[in-house]
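J.: Based on the provided sequences and hints, a complete structural model is requested.
Under the working numbering, the first residue of the sequence shown carries the number 1, and numbering increases by one thereafter.
These aren't lab readings, by the way, just hints derived from the structure by calculation. No experiment lies behind these values; they were computed from the predicted model shown. Glycine included, every Cβ here is placed at the ideal spot set by N, Cα and C. A hint or two may mislead.
For each label pair, taking beta carbons as the anchor points, the in silico distance ranges come out as [what the hints assert, rightly or not]:
1. Leu-66 to Gly-185: 22 to 30 Å
2. Gly-311 to Val-80: 28 to 36 Å
3. Thr-191 to Asn-329: 34 to 42 Å
4. His-392 to Val-451: 37 to 45 Å
5. Leu-66 to Arg-189: 19 to 27 Å
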Amino acid sequence: MTTRSETRTTLDHLLTEIEHRNPAQPEFHQAAHEVLETLAPVIAARPEYAEPGLVERLVEPERQVLFRVPWQDDQGRVRVNRGFRVEFNSALGPYKGGLRFHPSVNLGVIKFLGFEQIFKNALTGLGIGGGKGGSDFDPHGRSDAEVMRFCQSFMTELYRHIGEHTDVPAGDIGVGGREIGYLFGQYRRITNRWEAGVLTGKGRGWGGSLIRPEATGYGNVLFAAAMLRERGEDLEGQTAVVSGSGNVAIYTIEKLTALGANAITCSDSSGYVVDEKGIDLDLLKQIKEVERGRVDAYAERRGSSARFVPGGRVWEVPADLALPSATQNELDENDAAALIRNGVKAVSEGANMPTTPEAVHLLQQAGVAFGPGKAANAGGVAVSALEMAQNHARTAWTAERVEEELASIMTSIHTTCHETAERYDAPGDYVTGANIAGFERVADAMLAQGVI
1 MTTRSETRTT LDHLLTEIEH RNPAQPEFHQ AAHEVLETLA PVIAARPEYA
51 EPGLVERLVE PERQVLFRVP WQDDQGRVRV NRGFRVEFNS ALGPYKGGLR
101 FHPSVNLGVI KFLGFEQIFK NALTGLGIGG GKGGSDFDPH GRSDAEVMRF
151 CQSFMTELYR HIGEHTDVPA GDIGVGGREI GYLFGQYRRI TNRWEAGVLT
201 GKGRGWGGSL IRPEATGYGN VLFAAAMLRE RGEDLEGQTA VVSGSGNVAI
251 YTIEKLTALG ANAITCSDSS GYVVDEKGID LDLLKQIKEV ERGRVDAYAE
301 RRGSSARFVP GGRVWEVPAD LALPSATQNE LDENDAAALI RNGVKAVSEG
351 ANMPTTPEAV HLLQQAGVAF GPGKAANAGG VAVSALEMAQ NHARTAWTAE
401 RVEEELASIM TSIHTTCHET AERYDAPGDY VTGANIAGFE RVADAMLAQG
451 VI
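T.: Next up, the structure:
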């Protein structure tokens, strides 16, 4: 049996190799470091995981697809973007993970997201593997017709790589119901098949699931509530700061409010709003989902209780809870220090890897309960898998049933992470618990299926 120190040395060598083999992909390097640095105890304890090539296969995608996406804007000019799909690991089921349309998208970002998705999907306990995709296309400011033409061009290439038993994309940043509709329409047109299970996040009238738009935000709040319960507290009366103002942030705020907490912030790239009375969700939805406006308009229309801070960071606002729900690495070491000074009790990640490694370490050292995204925001992909189940059965579940299933899954994820951390001498460390629990499920399947 190898010792933890020997295993740690082996993993350090592998991390160095990952950086060498994947140059200029800092987000992927960060995600790999975050997982692998926690695996030494489980690999040392279970000799089968030290089998040569197991972890090396885990960090290498099964397939990486990069393609050209030409489309025509409203002025008749031909534009060219890049499309990506990284099919990372299918040991547990078909690849499952969203599509992100944003100027920051590159291969390294998609690989980081796909790698995280492996463990997130494993933690749900459902039969789905990990993948991710997207494009450097920016839908912001584009007309519906331009977005439609882009989506049709994107799907004209992507369709040959996906399928309900192969790879099932969903939405992510920049890909909502409008984009999923255009993508599904083009897939159906090309294949001449009504294959509802090929995409999730669809409209409710044509194969979508109730509670899917809300699921990531709802699930994150449920995970935060479970962490508080473990410490003998609940959400009632707690003040929360939430970053972002997209789908995840909106439904995080909605669930916080429903459970008696007071969510007082939202943000976008222009700055943030703080509303001491609590965010008015109807107004925020009108501005962001209907008008596609900026959060400064919220402060202008809300009245004296709200103020807009241009270029500011929500983490400077005192609160009991922090729920980063915008994008990767949005909460750094300085932000963590500010949260700690202001007495934050728990941080739960609604976005993917929104907290830098230095900030995570600082929060954990200070005794703050920290819920990593692969556990805390798994509600979205969990309900996507439930949508797939409904599609296969040609049926639709009630909102109450879906929400009950979501609550059960999030409770199970919390319990799994908590118990796994304790089993490996890291009580209260949800990062270690999530990484090891997800790894065990995927590694066991990979070993059972042979070297493929």
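J.: All hints are to be evaluated individually against the structure, with a verdict given for each.
T.: The hints, checked one at a time:
1. Under the hint 22 to 30 Å, the C-beta atoms of Leu-66 and Gly-185, about 24 Å apart, fit the expected range.
2. Between Gly-311 and Val-80 the beta carbons are some 32 Å apart, a value that agrees with the proposed interval 28 to 36 Å.
3. Between Thr-191 and Asn-329 the C-beta distance comes to about 38 Å, which sits within the given range of 34 to 42 Å.
4. Checked against the hint of 37 to 45 Å, the pair His-392 and Val-451 fails, with Cβ atoms roughly 31 Å apart.
5. Our hint of 19 to 27 Å for Leu-66 and Arg-189 holds, since their Cβ atoms are close to 24 Å apart.
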